[in-house]
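Participant: Given next are the chains, with one letter for each unit.
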Amino acid sequence: MQELLEFVGRLVARGGSTLQRFREEALSDLDQRLAAVSAAVGPEGIDPFGMEPATLRRIAVGAAFLYKVYFRCETTGLANVPAGPVIVVANHGGQLPIDGVMITTALLLEGTPPRLARSMVDKWVPSLPFVSTYLSRAGVAVGTPENAERLLERGEVLLAFPEGMDAITKTVDEAYELKPFHSGFVRLALAAKAPVVPVAVVGAEEQYPTLYNLKGVGRMIGLPSLPVWAQMIVPVAGLLPLPVRYRLEFGEPMTFTGDPDDEDAVVDAMAEQVRGRVRTMVDRQRAARRHIFW
Amino acid sequence: MTMSAKEAGRAFPGPVAVSGAAGRLGHLVVRRLHRTDEVLALDPRDFAARPADVTHHMTDLRRRATRDIFRRGLVGAAVHLGPFHSAGGEGKEQGFAAAALSFSRLLEYCDAYHVKKLVLLSSADVYGASATNPQFLSEEAPLLAADLSALRDVDMMAQSFFWKRPDIETVILRPCHIVGHVAGAMARYLRLAPVPVLLGYDPMIQLLHEEDAVRALRLALAPGVRGIFNVAGPPPMPLSRVLERLRRRVVRVPHVLASPVIKELGRIGKTALKPAYVSYIRYVCMVDDSRAREKLGYAPSRGFDETIAAVDLWE
Chain V
879 MQELLEFVGR
889 LVARGGSTLQ
899 RFREEALSDL
909 DQRLAAVSAA
919 VGPEGIDPFG
929 MEPATLRRIA
939 VGAAFLYKVY
949 FRCETTGLAN
959 VPAGPVIVVA
969 NHGGQLPIDG
979 VMITTALLLE
989 GTPPRLARSM
999 VDKWVPSLPF
1009 VSTYLSRAGV
1019 AVGTPENAER
1029 LLERGEVLLA
1039 FPEGMDAITK
1049 TVDEAYELKP
1059 FHSGFVRLAL
1069 AAKAPVVPVA
1079 VVGAEEQYPT
1089 LYNLKGVGRM
1099 IGLPSLPVWA
1109 QMIVPVAGLL
1119 PLPVRYRLEF
1129 GEPMTFTGDP
1139 DDEDAVVDAM
1149 AEQVRGRVRT
1159 MVDRQRAARR
1169 HIFW
Chain D
2 MTMSAKEAGR
12 AFPGPVAVSG
22 AAGRLGHLVV
32 RRLHRTDEVL
42 ALDPRDFAAR
52 PADVTHHMTD
62 LRRRATRDIF
72 RRGLVGAAVH
82 LGPFHSAGGE
92 GKEQGFAAAA
102 LSFSRLLEYC
112 DAYHVKKLVL
122 LSSADVYGAS
132 ATNPQFLSEE
142 APLLAADLSA
152 LRDVDMMAQS
162 FFWKRPDIET
172 VILRPCHIVG
182 HVAGAMARYL
192 RLAPVPVLLG
202 YDPMIQLLHE
212 EDAVRALRLA
222 LAPGVRGIFN
232 VAGPPPMPLS
242 RVLERLRRRV
252 VRVPHVLASP
262 VIKELGRIGK
272 TALKPAYVSY
282 IRYVCMVDDS
292 RAREKLGYAP
302 SRGFDETIAA
312 VDLWE
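Heads up: the protein sequence lines correspond to chains V and D, in order. My numbering numbers the first residue of the first sequence as 879 and each following residue consecutively. My numbering numbers the first residue of the second sequence as 2 and each following residue consecutively.
With the rest of the complex left out, here is chain V:
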């Protein structure tokens, strides 16, 4: 707690100059980068999945703030992302999918060339008002195999968290434990002949240090999960994630060949290889960080 207060004090003191620097550095070439990822958008300024550069820009400014200032993300290995269709696969955690936002922002702000990672959301998300529309304008698609195939066909970057929902709701005692990978992404990679780029995310697990998950109660009121996290004791501000430092490492692309409809045992083994890579990188990044906040 002491550490946290000190940190917040320092952050406030530096706030002004940081914001100034953020405006100068992060936003200076944002428009060029957005133009580059929007090249395939039709004459009407909207792509077939509903992505609209104008809305994407508004979201990107907020995401860039989180990336550069709030979470001070340290990213390595972006040069490993090849041109053309690619599936980016990462470990998942932290109650809210901020890890996905950080990976997407890294690829947009620091990728050479910039890429727009397409995330896929659960099939119930389109039934949410506002959220569904906003996500669609930001280039997010519904997680059906058809959509994934079509996006890869278009040469896009697909972002996948093969651990699924189980992983994001983890409590502190399970932090950075990689759950088994669902192998759907391998089948997609095989079918589209797309390389897989493993990514390690370190930091997410500490943004909402969750002591307990009242899943049973959550289910009764129609929520998939009901986490109880440490900063909850602070009213209102406790809803914010802790300003941990994120570390992202993009690994070397992995190429798989074979029949996309092969038996589970074969495909699961490939997924396990990717999981092994992600685990190695996660361990390396955890060892390399000095502190969860800086």
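If you're looking for bench data, these hints aren't it; they were derived computationally from the structure. On a predicted model such as this, the values are computed, not experimentally measured, just so you know. A few of these clues could be false.
As the list claims (entries may be wrong) - Computed cross-link-like contacts, DSSO-like style, restricted to lysine-lysine with a CA-CA straight-line distance of at most 30 angstroms: (1) V:1001 <-> D:264; (2) V:1071 <-> D:296; (3) V:1001 <-> V:1071; (4) D:117 <-> D:165; (5) V:1071 <-> V:1093; (6) D:275 <-> D:264; (7) V:1057 <-> V:1001; (8) V:1001 <-> D:117; (9) D:296 <-> D:165.
Assemble chain D onto chain V, guided by the hints.
Facilitator: Okay, now just chain D, sitting in the frame of chain V:
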């Protein structure tokens, strides 16, 4: 136009019977086909505006008189415009039942009296709009339009006809929302004033210019063509963008209220729209038309602007 010139540019070698010819879309289909083909118009409604060389049989598909036309061997190909595109067809459940019955008769005549080709103008609505839909549905997607069962039934009857009479070239076209002079559900919705939209929802939609629907239909008549084809127009757009372009006044309604309100309005006869259609302005129901582009040589000839402007062609 002389008969020989007609023969050269024909869509189909033989007289083409068009059922539902006196409807709004029927007018366009007949006007397009009669330029190259011999056309028989089948419709119990008056069809005074037909071209001079088109024979109009003012009869219901379920009547003996229609059977006689087929029995005499006058029909080479049958085009069925289906219950989807007419204002009356959707209003009542009885209308739906009648539509399915009529179509079953047509199948019976095709089966018995040497018709070589059958083209059904179905609709992409049969896939159903739902949260779990992929952005673009292929022809293999299941037909899940839960509350539009009669639309599905007619489509499925045509599908079973594939195996019943594999020698007859059966074609099912599933166009996205047709706009123009037509009275389809989306076309009528877009003409409402003000247009009710669902608060917080803005699905991507596909519109098809009526002339492009007619073009696809004519391509489907080509000898050798059989199967199911989705038909789409220019690239999709969010519903809000379409309404902006049409300069419509919009009322935002919470989606939980939409169905009950439409139901009530329907009960007092203020609207012919069904509550089931609410899902089409909430979720995507868009089709992948690559098969039609590849196998039929179809491509829409009208761009965004012209297609959207067509919404207001209705007088």
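Participant: Hint by hint, which ones does the structure fall short of?
Facilitator: 5 and 8
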